[in-house]
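> Using the sequences and the hints, build the whole thing.
So the protein sequences, as listed, match chains U and L.
For what it's worth, the working numbering labels the leading residue of the first sequence as 1, then goes sequentially.
For what it's worth, the working numbering labels the leading residue of the second sequence as 1001, then goes sequentially.
Don't take each hint at face value.
Stated by the list, open to error - Below 30 Å or equal to it, Euclidean Cα-Cα: the simulated DSS-like pairs (lysine-lysine) are:
id : chain 1 : residue 1 : chain 2 : residue 2
1  : L       : 1287      : U       : 221
2  : L       : 1305      : L       : 1291
3  : L       : 1287      : U       : 376
4  : U       : 223       : U       : 524
5  : U       : 381       : L       : 1291
To be verified - A short, non-exhaustive set of chain U residues, derived as facing chain L with CB atoms under 7 Å:
id : residue
6  : 167
7  : 206
8  : 478
9  : 526
10 : 534
11 : 535
12 : 538
13 : 541
Please keep in mind that the hints were generated in silico from the structure rather than gathered at the bench.
Positions of the beta carbon are idealized from the N, C-alpha and C atoms, including for glycine.
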Amino acid sequence: MSIDCVEVPSDTRIDIAVLKERGFIGLEKGLRTGRPRFPYCSRPWCPGNRAYLCDLGYYTDASSNGPSKVRIYTSTVRSILASRFYDMISAGFQHSPLVRRLWPVMWKPIAKLSGYEELSASSSFKLNNLDVVEVDVLVVGGGLAGIEASLTAARMGASVLLVEYRRLGGFIRLLDSGLVDERVRLIRESRGVRILEGYKYIGVFSEGHIVTGNGSVILVKPKSVVYATGSISPPPLALNNDLPGLVSLDYGLELLSEGYRPKRAVILGGSYWSARVAKVIADSGVTVSFIPVDDIGKEAEELLSGSGIGVEEGRVLGFKGMERVSGVILDDGRVIKGDIVLSGVEEYPDANVVYAIGASSNYCNGRGIIVPQVNKFLGVKPNVFIAGSIIGDQSLDETHTGARLAGAAAASRSGHGDISDVESIAEEYWKLKTYECQGGEVASTVRVWLSGSIEGLQFVDVEAEVTITDLVRAWESGYRSMEKIKRVTGLGTGLEQGRFSAHTAALLLSRIYGASVSDIGLFKSRPPHMLPSFGDLIVGGLE
Amino acid sequence: MIPRFEVSHDIPERVGIIVVGGGAAGVGVAFGLASLGYTDVVVLERGYIGYGSSTRNAGRFRVHFFSKENTVFAAKSREIILEIAKKARINPVIVPGGYLWLFEDEGMFKRFIEFNEHVWKPLGYPVRLLGIDDLSERYPYLNVEGLVGSALGVENGSYHHDYLLLAQAVYAYERGVRFIEGAHVDEVIVEAGRVKGVRVRGHGTVYADNVVIAAGAWSKELVSKIGIDIPAHPQRKSLLVTEPYKFMIEPLVIFFEEHGYIGQTLKGEIIASKGYPGEPRDSDYSKIEFKWLVETSRLVAERLKGGSRLRPMRIWSGAYYVTPDHSHILGRDDEWPEGLYINTGYSGHGMMMAPYAGILLARLIVDGIEHEDLKPFKPTRFKEGKLIHEGLVIG
Chain U
1 MSIDCVEVPS DTRIDIAVLK ERGFIGLEKG LRTGRPRFPY CSRPWCPGNR
51 AYLCDLGYYT DASSNGPSKV RIYTSTVRSI LASRFYDMIS AGFQHSPLVR
101 RLWPVMWKPI AKLSGYEELS ASSSFKLNNL DVVEVDVLVV GGGLAGIEAS
151 LTAARMGASV LLVEYRRLGG FIRLLDSGLV DERVRLIRES RGVRILEGYK
201 YIGVFSEGHI VTGNGSVILV KPKSVVYATG SISPPPLALN NDLPGLVSLD
251 YGLELLSEGY RPKRAVILGG SYWSARVAKV IADSGVTVSF IPVDDIGKEA
301 EELLSGSGIG VEEGRVLGFK GMERVSGVIL DDGRVIKGDI VLSGVEEYPD
351 ANVVYAIGAS SNYCNGRGII VPQVNKFLGV KPNVFIAGSI IGDQSLDETH
401 TGARLAGAAA ASRSGHGDIS DVESIAEEYW KLKTYECQGG EVASTVRVWL
451 SGSIEGLQFV DVEAEVTITD LVRAWESGYR SMEKIKRVTG LGTGLEQGRF
501 SAHTAALLLS RIYGASVSDI GLFKSRPPHM LPSFGDLIVG GLE
Chain L
1001 MIPRFEVSHD IPERVGIIVV GGGAAGVGVA FGLASLGYTD VVVLERGYIG
1051 YGSSTRNAGR FRVHFFSKEN TVFAAKSREI ILEIAKKARI NPVIVPGGYL
1101 WLFEDEGMFK RFIEFNEHVW KPLGYPVRLL GIDDLSERYP YLNVEGLVGS
1151 ALGVENGSYH HDYLLLAQAV YAYERGVRFI EGAHVDEVIV EAGRVKGVRV
1201 RGHGTVYADN VVIAAGAWSK ELVSKIGIDI PAHPQRKSLL VTEPYKFMIE
1251 PLVIFFEEHG YIGQTLKGEI IASKGYPGEP RDSDYSKIEF KWLVETSRLV
1301 AERLKGGSRL RPMRIWSGAY YVTPDHSHIL GRDDEWPEGL YINTGYSGHG
1351 MMMAPYAGIL LARLIVDGIE HEDLKPFKPT RFKEGKLIHE GLVIG
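See the structure below:
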């Protein structure tokens, strides 16, 4: 991969700023396509949204707590060309004995000639504070489900710590502030809940749960835990799906809320939420096309009728564009134009965090996705519960009731409240549940597989540059489990660590070869679940 | 195209040699046997091929050990590794990046130089001593503050551990060795002083005249059931990789007194780990000590310029299977049941030593030849008091 160095603002805004100032110019280029990389979603682990090393020995990263603008290098034509020169010479370093011998004296002048300049980097760091927090219930994720679970547990008398890495309210905050504002106000006023906003949940260690943020490391020792880490919409599979400008539904919405205004936007996916986003974007004056991909939901249809949003029927073969996306190619030959394509075709649970502690995964034939296996109280382990779209819940009713169930069960596990209350919420929840996860082991449909073909550059993992064809080749050569597929293709070895790619690959291989999804499996996920910097983790006084 | 490699779930009834364990040690034996043309072999693995510490290591090889025996052994193994790269159909991605040892303590540095004079130089593997100015010139990303000396071992380097293992496995597979996954061996069956086979959980007996125990941290338990004690215990070790950065850290950089190391993969991920007193004595891969992460983070922040701003992407645990002298156990004790062999206890050097161990063990089983390089590592050394004290353990 090659890297062009630019001015990098801190934190996840990196992509937004780049988008605004330069159009969709990513910072890295893929080896297979030579195209710049651009984050598909706004999570810290999304491809493209990462740190960059731009000179000989010094780094910076895109999401530390450092100054808001870290100057590295301006990406001028001269420095790009010249740095290629440097790269060529330094690549020769390993092979030519002459260059190898001269290198110690050559590298500095060559680097300078090539437009590189040294950064003032130091090895200094500061010691973070270490706080140890003992609490009844730890809730990870401050979306609707996390808020509801926290409120329920607190109401039952449990002390609650709620950790959210951005702002309370989740995805829905961007859609309907009215609904969320009320819940957010309520939880801020709740006395039993301590809120850590802007903190990263790193994972479970022998000592306890680790959370970082604001110059401190918090070691949480809870009696029970609720994970409400939400869901992610995976990149759709069609030709050229690595083109910058193809983004997830929530990320697209976020870009808009930051002030980005495309001329035309295309929305993929016929769900209620896709329609809601389409409407919000259209209301802001952008021309919107809506491609349902498969069936359009009744609620979505109602929302869109009379909104002036064009609904386009047809199968998606691929995306059009050179350096960035300019439209969606349909099977009847039409191209639906758009400067940005938002995909909400499917929602995968963002469940790596529970798989890392040993929860098992389960193919849910009712939804066509892989979900963590839960008991009737939404428990994945005796003291660990999950809620919201991490179990595949989609409607507000399900989410709300499921979160109450998880919150109540966690409170009860920590010694608060009455188990019969938990039982009755459980009964209510399972009655509401609109789909079942029993039966079929083979994936009959893979909704994100838009093209239906195995040929060409259709990336299952954009970051590790693994295509459907690579998966098929590996499978046919005998590598028939996710652990082996990972090793021979590199699938899931990038920042997303299989969150999209392993999930999609398991479904695809099951669909193509008729193997059971559980036999193929996902591979083991590991911390950190949010990316801290080393500097964020250094504390003194840990026993 | 990827070379074909199919594992089976069908367990044969009878076979010439059973290898218990499909990690570096077991696959090394399969490779060694296949190299000799002996392929009536089945590798029984309870997880998947490469499970365990074989897929949880730093992917490095070196020739420099404090003991002469280990240095010789490792140097021969290095040759086999380079040969695998030539003859197998999977590229193990070998990079001769070297090992760079850094010292903060004069005494330690002097001791290291003595080993160079007495062990490595006579064997033809001298390390290159670098002054601090040289060091910061050649490795501008290092913070050299407080260092008193450094030594570069150029024979050492890295491979992709998964590919190295797969290369050997595919080589053996293509010649007829069978690999079975999901076969949990519960015990070795011994009758009338000789090995009869093994019992596989939920399946039954597999008969064989020879059984090789290469089950890593699970070896002790297996042989204890037939009254054999091997002195080894697991020591959990964690490791991390960062998100990828531009490749620049060519050698494995070792901080001698800190028991820590920093390196980089060709893909650009920086790997780092630091040892600390009181490391857990288990092989529970699901556990990571936060204390370890703090220590490792501090090492990176202190020793790489701008290191505090790098971000770890994945953290995991493996285990060293540690013997009293930090050297592996290879071969057999004549008092053991006939047909029983052991290949374990690598104390952190398994990936790099196992290819040669596999060749030596194959010769012992097939031809009955006990090679000179194998003899010092036999399990009998513990009762005979002939330990190979290996002091150069990294991490």
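> With reference to the structure, classify each hint as holding or not holding.
Checked hints:
{"no.": "1", "hint": "1287(L) - 221(U)", "in the structure": "holds, 16 Å"}
{"no.": "2", "hint": "1305(L) - 1291(L)", "in the structure": "holds, 22 Å"}
{"no.": "3", "hint": "1287(L) - 376(U)", "in the structure": "holds, 28 Å"}
{"no.": "4", "hint": "223(U) - 524(U)", "in the structure": "holds, 25 Å"}
{"no.": "5", "hint": "381(U) - 1291(L)", "in the structure": "holds, 25 Å"}
{"no.": "6", "hint": "167", "in the structure": "violated, 22 Å"}
{"no.": "7", "hint": "206", "in the structure": "holds, 5 Å"}
{"no.": "8", "hint": "478", "in the structure": "holds, 4 Å"}
{"no.": "9", "hint": "526", "in the structure": "holds, 5 Å"}
{"no.": "10", "hint": "534", "in the structure": "holds, 4 Å"}
{"no.": "11", "hint": "535", "in the structure": "holds, 3 Å"}
{"no.": "12", "hint": "538", "in the structure": "holds, 5 Å"}
{"no.": "13", "hint": "541", "in the structure": "violated, 10 Å"}
Of the numbered hints given earlier, the model fails hints 6 and 13; all others are met.
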